[in-house]
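Residue strings, one per chain:
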Amino acid sequence: MITQLIDIDKTQVKILHHIIKIANAKPDIKTRLFQIADLIKEEFDLDICSIYLPDESGNFLILRATNGLPTEFVNKIRVQLGKGITGEAAQQKKTKSLSNKSASFAESLLKLFPKDFSEVQHLFKDLITSISIPILDEEVCLGVIELLSKKEFIFDPKLIEFLESTAHQVSGIIRNAKIVYEADQSLSELKKINEIGKALNSTSSLETLLNLIVKTSLELIPSRGCFLRLYNRETNKLEIKAFSGFDDYVKTHPALTIGQSVAGIVAKEGIPLIVHDIKTETRVTPSSRDLPFSSVLSVPLIVKGSPIGTISLLDKIKDERFEGESLFVLRDQNLLSTLASQAAIAVERASYDENMQKFSKENELKLRELSILHETSNAMRSTQNLNRRLFMILTAVTIGDGLGFNRAFLLMVNERTNVLQGMMGVGPSSGDEAGRIWSEISKKKKSLTETLLEKKPMEELGVSKINEIAKSLRIQIFTETDILSKTILEKKPFKITNAWEDTRVNKDLLSKLNTDHFASVPLLAGDKVLGVLLVDNIFNKKPITESDLNFLLMFANQAGLAIESAKLYSYLEETNEELKKIQERLVESEKLAALGEMAAGVAHEIRNPLVSIGGFARRLQQKFNNTQAEGKYLDIIIKEVKRLEMILQDVLGFSRESHLLLSKNDINDTIKDILIFFDAEFKEKNIKVNSLLSKDIPQFLFDFQQIKQVLINLITNSIEAICKDGTLEIKSYLKTENNSIAVEITDTGGGIPLNVLSNIFNPFFTTKNTGTGLGLALTRKIIEKHGGNIEIRNEIGKGATFEINLPIKLEDNAHEQKE
Amino acid sequence: MSKILVVDDEENIRLLYEIELKEEGYDVMTASTAEEALNLLETYKPDLIILDIRLPGMNGIEFLRKVKEKKRNLPVLMCTAYDDYKQDFAVWASEAYIVKSSDLAELKNKIKEFLK
Chain V
1 MITQLIDIDK TQVKILHHII KIANAKPDIK TRLFQIADLI KEEFDLDICS IYLPDESGNF
61 LILRATNGLP TEFVNKIRVQ LGKGITGEAA QQKKTKSLSN KSASFAESLL KLFPKDFSEV
121 QHLFKDLITS ISIPILDEEV CLGVIELLSK KEFIFDPKLI EFLESTAHQV SGIIRNAKIV
181 YEADQSLSEL KKINEIGKAL NSTSSLETLL NLIVKTSLEL IPSRGCFLRL YNRETNKLEI
241 KAFSGFDDYV KTHPALTIGQ SVAGIVAKEG IPLIVHDIKT ETRVTPSSRD LPFSSVLSVP
301 LIVKGSPIGT ISLLDKIKDE RFEGESLFVL RDQNLLSTLA SQAAIAVERA SYDENMQKFS
361 KENELKLREL SILHETSNAM RSTQNLNRRL FMILTAVTIG DGLGFNRAFL LMVNERTNVL
421 QGMMGVGPSS GDEAGRIWSE ISKKKKSLTE TLLEKKPMEE LGVSKINEIA KSLRIQIFTE
481 TDILSKTILE KKPFKITNAW EDTRVNKDLL SKLNTDHFAS VPLLAGDKVL GVLLVDNIFN
541 KKPITESDLN FLLMFANQAG LAIESAKLYS YLEETNEELK KIQERLVESE KLAALGEMAA
601 GVAHEIRNPL VSIGGFARRL QQKFNNTQAE GKYLDIIIKE VKRLEMILQD VLGFSRESHL
661 LLSKNDINDT IKDILIFFDA EFKEKNIKVN SLLSKDIPQF LFDFQQIKQV LINLITNSIE
721 AICKDGTLEI KSYLKTENNS IAVEITDTGG GIPLNVLSNI FNPFFTTKNT GTGLGLALTR
781 KIIEKHGGNI EIRNEIGKGA TFEINLPIKL EDNAHEQKE
Chain S
1 MSKILVVDDE ENIRLLYEIE LKEEGYDVMT ASTAEEALNL LETYKPDLII LDIRLPGMNG
61 IEFLRKVKEK KRNLPVLMCT AYDDYKQDFA VWASEAYIVK SSDLAELKNK IKEFLK
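Keeping their order, the protein sequence lines are chains V and S. Those letters in the first sequence? Residues 1 to 819, per full-length UniProt numbering, in order. Those letters in the second sequence? Residues 1 to 116, per full-length UniProt numbering, in order.
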C-alpha cells in the first residue's frame with residue numbers, strides 16, 4: 001500500500017474508525033498503545049511500528065509499545081532526544097523520514113540501541129525506510145510513532161498528513177489516559193492521606209505510629225524501601241526508628257550525622273530532596289558509595305519550624321498501571337511532603353505522650369522509693385532499740401514491697417579494732433525456702449509498715465542461718481585491697497558481678513556468703529561511716545541495676561542516720577542506767593552515813609552512862625553473892641547493860657562498812673594514770689621514767705582509789721628521794737607461783753639511811769617537815785587489807801626499791817573484806 | 001608500881017577506871033581534858049595512857065599525835081564509845097583501840113599486855 005495510492009482514503013477511514021474505537025475503549029493505555037501499533041503496522045504493511053514516550057526527565061524516549069520488535073524490549077529501549085530519526089522527531093516536533101538503500105542505514109539504526117540489543121540486529125536487516133511522527137499535544141511532545149519498512153516509501157504529503165492526524169488522535173488518547181490516571185492517582189492519594197490522617201491520630205504508641213508511617217509511605221509511592229529517621233538530641237544523630245527493606249543496611253547504618261548523606265541534608269536544611277543515583281550524586285556525601293539502593297526521595301518531618309526527622313523512600317517501583325518512570329518525581333516529593341507534614345504532628349504528639357508516660361512511670365518509681373523511705377523511717381521511729389532498727393533496715397532491703405533484694409547483710413565498723421564485723425543477715429537460706437517465703441508473703445498482702453512492725457520475725461532471727469553467716473563475717477579494714485574496705489574508705493557503693501574472678505573480693509567472704517555477685521554500699525551518718533550494707537540476688541539472679549544501687553545508697557544514708565541515733569540512744573540509756581545505779585548507791589551510802597552518824601552520836605551518849613552503870617554494878621556485885629536478893633538484882637542490871645551494849649554494837653556495826661571498794665581493774669592502767677598525773681613533776685625535776693609493765697596481768701579485784709593512793713605515796717617518796725635528776729623505774733609482773741602480782745618502784749635517790757629504815761612504816765614518823773608521817777604506814781595498812789604485803793630493798797648510795805605484792809582476787813568474797 | 005593516866009571527860013568513867021585499876025595494883029592519875037593530860041605527861045610521867053577520843057578542846061587524836069611525837073614508845077590505849085574511829089588512820093599510831101564497855105576485862109588485859 002505504500003507504493004500505491006489506491007484505496008488510500010478507504011484505508012484512512014478504516015484506520016480512523018479503529019483509532020476512535022481504541023480511544024473510547026476500556027483497556028488501559030498500555031494495551032491501547034499496542035493496539036494502535038498493531039493497527040498501523042497492519043494497515044500500512046510495515047515491518048515494525050513502535051511507539052515511544054518520553055521519560056520523566058524528558059531526555060530520553062522509551063519504547064512503550066511495538067509490533068515487530070520483541071515485547072521484552074518494551075520499557076528497555078531508550079532513545080536519546082535528538083539522536084536518530086525518532087530522537088529528532090521528538091526534539092523538533094516534526095515528522096522525520098529517511099529512505100536509504102545502503103546497508104549502513106540498518107547499522108546506523110542499530111547504533112542507536114544499547115549493545116545488549118546487538119543479538120536482534122537481524123530484525124533491522126534490510127530496513128531502508130524510517131518515518132517518525134511526533135505525537136503532539138499543542139506544543140508538547142507526548143511521544144513518537146516510529147514506522148520502519150524494508151520497502152521503499154513514497155512520501156506523499158497526504159499520507160504524511162494522515163499519519164500526523166493519526167498521531168494527533170493518539171495524543172488525545174495519551175492525554176486522556178494521563179488525565180484519567182492522574183485523577184485516579186490523586187483520588188487514591190487523597191484517600192490514602194485521609195486514611196493516614198485518621199490512622200495517625202488514632203495511634204497512641206510511638207512505635208506503632210512510626211511503622212504505620214513507613215507502611216503508608218510505601219503504599220503511597222511504591223518503593224523498595226523506606227526509612228524513618230528521628231533526630232536524637234542526646235547523640236545529635238538521625239536514628240532509624242522504623243523501616244522497611246534493606247535490613248542489612250539498617251543494621252550497619254542505624255544512624256546518620258546531621259548533614260551527612262541525603263537524609264542528613266534534608267534534616268539540616270528542612271527541605272525535601274530527590275537523588276536519582278546516589279553513587280554518582282555530588283550534592284551528598286554518604287558514608288559509602290557502595291549502597292544497596294540508588295535513588296532516594298527524602299522529606300523532612302517538621303514540627304514548629306524545625307526538623308525532627310526524615311522519611312526516605314528508596315528505589316521507586318514503577319507503577320504497573322501506567323508507563324511511569326522508576327524515578328522519583330516532583331509529584332512524589334509533594335505527596336510524601338504532604339504525608340510528612342501530617343506524620344510530623346502525629347509523631348510529635350505520640351512522642352509527647354510517650355514522654356509523659358515515661359515521666360509518669362519515673363514519678364511512680366520515685367514515689368514508690370519515697371514511700372519506702374517514709375514507711376521505713378516511720379517504722380524505725382517506733383523503736384530506739386538498735387537491733388530492732390537493724391532488723392527493720394534489712395527487712396526493708398529484702399522485702400518485695402521494699403527494695404526487693406534476695407539477701408541483705410549488715411556489717412558494722414569496730415573503730416577500736418578496725419574490723420568490719422557482721423551484725424545481722426536477713427533472707428532465705430535456700431532457693432526452696434525463698435520460693436516458699438515469697439509466695440507466703442504475696443498471699444498475706446501486708447503493707448511494708450505492717451511487715452516492719454511485726455515482732456515475731458525478730459525472734460526467728462535468732463535461729464536463722466543467714467543471720468549466723470552474717471555474724472561470722474569479720475573483715476580487717478585494709479586500704480585498697482578489699483572491696484568492702486574500699487566501700488568504707490571511699491564512701492562509695494560497689495557492684496560486683498563476677499566476684500570469684502574479682503581480685504578485690506575477699507574469697508573467704510565469698511565462700512561464706514556462697515554467692516558470685518553482690519553490691520555493697522556504705523552506711524553513712526553524716527561524714528561517719530558506720531558500716532556496710534551488702535546485698536545480693538542469689539536466688540532469682542535478677543541483675544542489680546544502677547538505679548537499684550542508687551536507691552540502695554539513698555536508703556543506706558537514711559538507715560545510717562537511724563542506726564547512729566539508735567546507737568546514741570542506747571549509749572544514753574546505758575549511761576543513764578549507770579548514773580541511776582550510782583545515784584542509788586549514793587543515796588544508799590548517804591543513808592548509811594546518816595544512820596551511822598546518828599548511831600554514833602546515840603552510842604556516845606548512851607555508852608558512857610552504860611559503862612558507868614554496868615561498871616559500878618559489877619563492883620557492887622562483888623559485895624553480894626548470888627544467894628542474896630541484891631546479888632540477883634545486880635546480876636539483872638549487869639545483864640541488861642550487857643544487852644544494851646550488844647544492841648549498840650550491832651547498830652554501830654551496821655554503819656561500819658568495809659571501806660575496801662573492790663572492783664575489777666587493770667593494775668597497768670592504774671599505773672599509767674598515775675604516771676600521767678606526775679608527768680609535769682617528772683619533767684620539772686628531770687626525772688626519767690622507765691615503765692616496764694607486763695601485758696600478762698589479768699584484771700583483778702582491788703580498791704582502785706586506795707591502790708592509787710598507795711602508788712601516789714610511793715612515787716611521791718621516790719621523787720622526794722631523787723630530788724632532782726634521776727631515774728624512776730616502775731615494773732609490774734605476774735607471780736604465777738603464788739597467784740599474785742608485783743609492782744616494783746625503784747628510785748635513784750641514794751637509798752634510805754639505816755636509822756630511818758626501821759621506823760619507816762611507823763605512823764607519824766617522818767623525815768620531812770611537811771606531811772603527816774602517815775604515808776607509808778597507810779600504804780602498808782591498805783596493802784595488808786588487800787591481803788598483800790610490801791617490802792623494801794635498800795641499797796645505800798644507790799637507791800631503794802619498794803615492792804608491793806597483791807593477790808589476784810577474781811571473786812568478791814564479802815567475808816574477807818570485813819575486819 | 002606502873003603509872004596509868006586516864007584521860008576522859010566523863011567523871012563517872014574516870015572514877016570507875018581509877019577504882020578498878022587501883023584494885024589491879026596500878027597507880028592511877030586522871031585528867032578530864034587533853035590539855036590537863038599534856039601537863040601530867042611531864043609531871044606524872046605515866047607508863048601508859050588510856051585515852052578517850054571525844055574530848056572538849058583538844059581531841060584524843062591530836063593528843064595522841066603530841067604524845068607520840070614526844071614519847072614514841074609510851075603505849076596509848078584508845079578507849080572510846082565510838083568504834084568508827086577505828087577506821088581513822090590517825091588512831092593506828094595507838095597501841096590498841098578498845099570500845100568502851102561496862103565489862104573492863106578487855107581493857108585490863110590490854111594494860112597487862114603493855115605493862116609487863
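Some hints could be false.
Pairs of lysine-lysine residues, derived as BS3-like cross-links and limited to a Cα-Cα distance of at most 27 Å, are as follows [said to hold, decoys possible]:
| # | chain 1 | residue 1 | chain 2 | residue 2 |
| --- | --- | --- | --- | --- |
| 1 | V | 542 | V | 446 |
| 2 | S | 112 | V | 781 |
| 3 | S | 112 | V | 642 |
| 4 | S | 68 | V | 781 |
| 5 | V | 642 | S | 108 |
| 6 | S | 110 | V | 623 |
| 7 | V | 591 | V | 672 |
| 8 | V | 639 | S | 108 |
| 9 | V | 507 | V | 495 |
| 10 | V | 623 | S | 68 |
| 11 | V | 76 | V | 446 |
| 12 | S | 22 | V | 642 |
| 13 | V | 26 | V | 41 |
| 14 | S | 110 | V | 785 |
| 15 | S | 22 | V | 623 |
| 16 | S | 108 | V | 632 |
| 17 | V | 639 | S | 112 |
| 18 | V | 541 | V | 446 |
| 19 | V | 664 | V | 724 |
| 20 | S | 71 | S | 3 |
| 21 | V | 151 | V | 93 |
| 22 | S | 45 | V | 781 |
| 23 | V | 639 | S | 66 |
| 24 | V | 781 | S | 70 |
| 25 | V | 76 | V | 41 |
| 26 | V | 623 | S | 71 |
| 27 | V | 809 | V | 664 |
| 28 | V | 642 | V | 683 |
| 29 | V | 785 | S | 68 |
| 30 | V | 446 | V | 581 |
| 31 | V | 639 | S | 22 |
| 32 | S | 110 | V | 781 |
| 33 | S | 66 | V | 781 |
| 34 | V | 642 | S | 66 |
Okay, the calculated bits of chain S under chain V, using three or more residues with CB under 8 Å as the criterion [stated by the list, open to error]:
| # | stretch |
| --- | --- |
| 35 | 16-22 |
| 36 | 56-63 |
| 37 | 104-112 |
Simulated from the structure, these hints should not be mistaken for laboratory data. Every residue, glycine too, gets a C-beta built ideally from N, C-alpha and C.
For residue 110 of chain S and residue 623 of chain V, compute the direct alpha-carbon distance and say whether it is at most 27 Å.
26 Å, holds
Would you mind confirming whether the straight-line C-alpha gap from residue 110 of chain S to residue 781 of chain V stays at or under 27 Å?
22 Å, holds
Taking 27 Å as the top limit, are the C-alpha atoms of residue 66 of chain S and residue 781 of chain V close enough?
22 Å, holds
Holds or violated: are the alpha carbons of residue 446 of chain V and residue 581 of chain V at most 27 Å from each other?
Judged against 27 Å, a Cα distance of about 43 Å means the pair is violated.
Would the pair residue 76 of chain V and residue 446 of chain V pass a check requiring their Cα atoms to be no farther apart than 27 Å?
78 Å, violated
Satisfaction of hint between residue 781 of chain V and residue 68 of chain S, Cα-Cα up to 27 Å
19 Å, holds
Taking 27 Å as the top limit, are the C-alpha atoms of residue 639 of chain V and residue 108 of chain S close enough?
Satisfied, since the Cα-Cα distance of roughly 20 Å is no more than 27 Å.
Pairwise hint evaluation, residue 785 of chain V against residue 110 of chain S, where the allowed Cα distance is 27 Å at most
OK: residue 110 of chain S and residue 785 of chain V at ~23 Å, within 27 Å.
Establish whether the coverage given for the stretch 56-63 of chain S by chain V is satisfied; the threshold is a Cβ-Cβ distance below 8 Å, and no fewer than three residues must meet it.
Not satisfied, violated; 0 residues make the cut.
Under the criterion that the straight-line Cα-Cα distance not exceed 27 Å, is the pair residue 591 of chain V, residue 672 of chain V satisfied?
35 Å, violated
Decide if the proposed pair is consistent with the structure: residue 623 of chain V and residue 68 of chain S, CA atoms, cutoff 27 Å inclusive.
40 Å, violated
Hinted pair residue 623 of chain V and residue 71 of chain S, Cα distance within 27 Å
40 Å, violated
Checked against the numbered hints listed earlier, the structure breaks hints 7, 10, 11, 19, 22, 23, 26, 28, 30, 34, 36 and 37; every other hint is satisfied.
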